[in-house]
Amino acid sequence: MNNNLGYPTHHLAKTLDIEIDEESIYSGEALKMLSRSPYDGCAFPLVRRVVFLLVTDDGLKEGKRTKTNIVAFVRRIKQMAPNVNDIWVQPMDCIVTFASSPSYEYGEASTLMTSVNLLPYDFRNIVYIECITGDYNQSITVYARQSFIELAHQSSATLESLIIKSEPAINIPSIIRKEDGDFVTYPHLHTLKLNGYSVFDTELTYPVFTGVVPFPSLRHLQILYEYSFGDDVVFRGNAATLESLVLHLSDSAVSVLHQFGLFTPTSHPKLRYVRLGYMGEFIPSIFATIPEAWQFSLDIGRAAPMRNISLYAMHTMWVPALSQLDGLGSIQVLSLESSTLNLWDVIALIKALPMVSDLSFEPPNLGPLPDDVTLDELPEYVISTYAPMGERFRYCHFMTPRTELFPELTKFVLLLALACPNFTLAALLFRKDEEYAVQLKTGIASDMFKPYASRFQCFID
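With this note's numbering applied, the sequence shown corresponds to residues 1 to 461, in that order.
Take the hints with a grain of salt, since some may be wrong.
Label pairs and their in silico Cβ distance ranges [claimed, not checked]:
#, residue 1, residue 2, range
1, S255, Q79, 49 to 57 angstroms
2, G261, R75, 48 to 56 angstroms
3, Y273, L375, 17 to 25 angstroms
4, R49, M355, 55 to 63 angstroms
DSS-like cross-link-like pairs, simulated, lysine-lysine; straight-line CA separation at most 30 angstroms [unchecked claim]:
#, residue 1, residue 2
5, K178, K32
6, K32, K78
7, K193, K178
8, K178, K14
9, K450, K351
10, K78, K14
11, K351, K270
12, K32, K14
13, K270, K193
Hint data in this document are derived by calculation from the structure and do not stem from the laboratory.
Backbone N, C-alpha and C define an ideal beta-carbon position, used for all residues, glycine too.
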């Protein structure tokens with residue numbers, strides 16, 4: 001017990017959050033406030049994580065940017081939490097502005113991170129590192145890309161998760177090879193996520209990578225930028241462990257993956273979630289053309305018993321590919337981002353995917369009417385031609401806030417419901433966690449669908 005303060009020196013707290021403004025931390029006022037607080041002199045031996053939330057001040061004069069007070073402040077924090085192995089430094093107002101226009105170097109973040117790094121914390125047992133936009137990293141560290149990479153190298157024996165969102169991008173070779181040429185292996189790394197921008201000025205592979213297996217336990221891999229696979233090094237030794245894969249498809253990436261024969265029938269027994277991005281519509285010189293990406297989707301579909309697949313592309317690319325996949329019978333959730341399907345596309349998908357329960361795509365249209373069938377005759381045509389189908393199909397999510405599409409959308413939902421007797425929920429997905437049921441009462445009451453009103457009761461209850 002600390003007799004002066006009346007507080008115990010041993011607390012159960014496991015995280016220490018500190019919100020402080022830039023001027024106070026440079027002027028020394030932050031250290032004074034800490035000394036006046038009821039926790040001065042207390043120790044928190046169970047704290048493993050310290051979070052610094054910095055309120056930045058663009059108007060701070062350069063003359064006030066001295067390191068003495070900030071170093072003293074961090075050393076006091078070290079006394080309060082001596083056993084920390086995770087430090088999070090976050091300028092509170094820089095997440096958006098720094099990502100879009102990194103013109104202001106957040107000096108207080110730089111100094112604070114550097115000061116933290118100089119303390120005698122033992123960072124050899126780090127299990128999680130995350131780096132966010134630019135040269136700013138949101139976990140342990142220092143304000144420099146190379147120091148960040150060195151931290152990953154130092155922690156390779158224990159690191160389980162490595163997430164890098166950086167401009168310019170940090171690529172695979174820099175993660176697995178030190179400046180002296182030695183290779184780095186991450187035996188326990190299960191999550192690797194790389195987001196960023198151009199890496200064209202960086203050598204992506206070395207002949208000496210032959211035989212190197214840097215990520216033998218990898219379960220979750222995400223690479224989102226103009227990434228050019230120089231070889232197959234990131235995929236080596238983890239076909240049996242990989243559970244989720246998120247990639248942007250570039251021509252060179254697809255070419256390399258084909259060249260090394262990475263995805264062969266049943267080669268990835270645990271792979272359940274796949275998200276493939278195709279951006280050729282917007283940047284044709286960088287991203288994969290339709291034939292290559294289409295073939296890749298066929299390869300990966302045959303390699304794994306996938307349950308959840310998300311494809312970003314025009315539907316003209318993916319629908320034919322999906323209909324040819326004999327190995328996609330295990331898919332339960334399918335998301336076709338930026339894809340506008342018609343009724344006949346969706347019917348074809350449901351027929352091709354017997355286990356699918358949830359479909360997501362852009363607001364659909366009815367598509368061309370069958371020969372000799374009028375719009376009013378369409379409900380009976382769908383019933384007689386397709387019903388019943390989609391035994392497991394339950395949900396349909398439409399990715400849009402566009403309410404002007406409701407009339408066409410209503411007809412689509414009701415016609416699909418006539419073909420699929422277990423289809424019970426149609427929702428508009430405005431954001432990832434925000435959806436609203438499609439309002440169908442007006443459509444159900446129309447002359448076109450009134451005879452089948454009993455089938456639609458589940459949509460309005």
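Quiz item: Range hint 17 to 25 angstroms: satisfied by the CB atoms of Y273 and L375?
Solution: Once the Cβ atoms are compared, 39 angstroms apart, the range 17 to 25 angstroms for L375 and Y273 is violated.
Quiz item: Has the hinted range 48 to 56 angstroms been met by the Cβ atoms of G261 and R75?
Solution: Taking Cβ atoms as reference, G261 and R75 lie about 55 angstroms apart, which means the hint holds.
Self-check item: Holds or violated: K178 to K32, with C-alpha atoms at most 30 angstroms apart
Solution: At roughly 42 angstroms apart (the allowed maximum being 30 angstroms), K32 and K178 break the hint.
Quiz prompt | 30 angstroms Cα cutoff - pair K450, K351 | solution = At roughly 27 angstroms apart (the allowed maximum being 30 angstroms), K351 and K450 satisfy the hint.
Quiz prompt | Assessment of proposed distance window 49 to 57 angstroms (beta carbons of S255, Q79) | solution = 56 angstroms, holds
Quiz item: Taking only the CA atoms, is the gap from K178 to K14 under or equal to 30 angstroms?
Solution: 34 angstroms, violated
Exercise. Starting from the range 55 to 63 angstroms, see whether the pair R49 and M355 falls in it by beta-carbon distance.
Key: 41 angstroms, violated
Quiz item: Within a Cα-Cα threshold of 30 angstroms, do K32 and K14 meet the stated pairing?
Solution: 24 angstroms, holds
Quiz item: Has the given pair, K32 with K78, been kept, meaning a C-alpha gap of at most 30 angstroms?
Solution: Judged against 30 angstroms, a Cα distance of about 16 angstroms means the pair holds.
Quiz item: Can the restraint linking K351 and K270 be considered satisfied, given a maximum Cα separation of 30 angstroms?
Solution: 25 angstroms, holds
Exercise. Quickly compare the C-alpha distance for K193 and K178 to 30 angstroms and report which way the hint goes.
Key: 20 angstroms, holds
Quiz item: CA of K270 to CA of K193, is that 30 angstroms or under?
Solution: OK: K270 and K193 at ~19 angstroms, within 30 angstroms.
Checked against the numbered hints given earlier, this structure breaks hints 3, 4, 5, 8; the rest are met.
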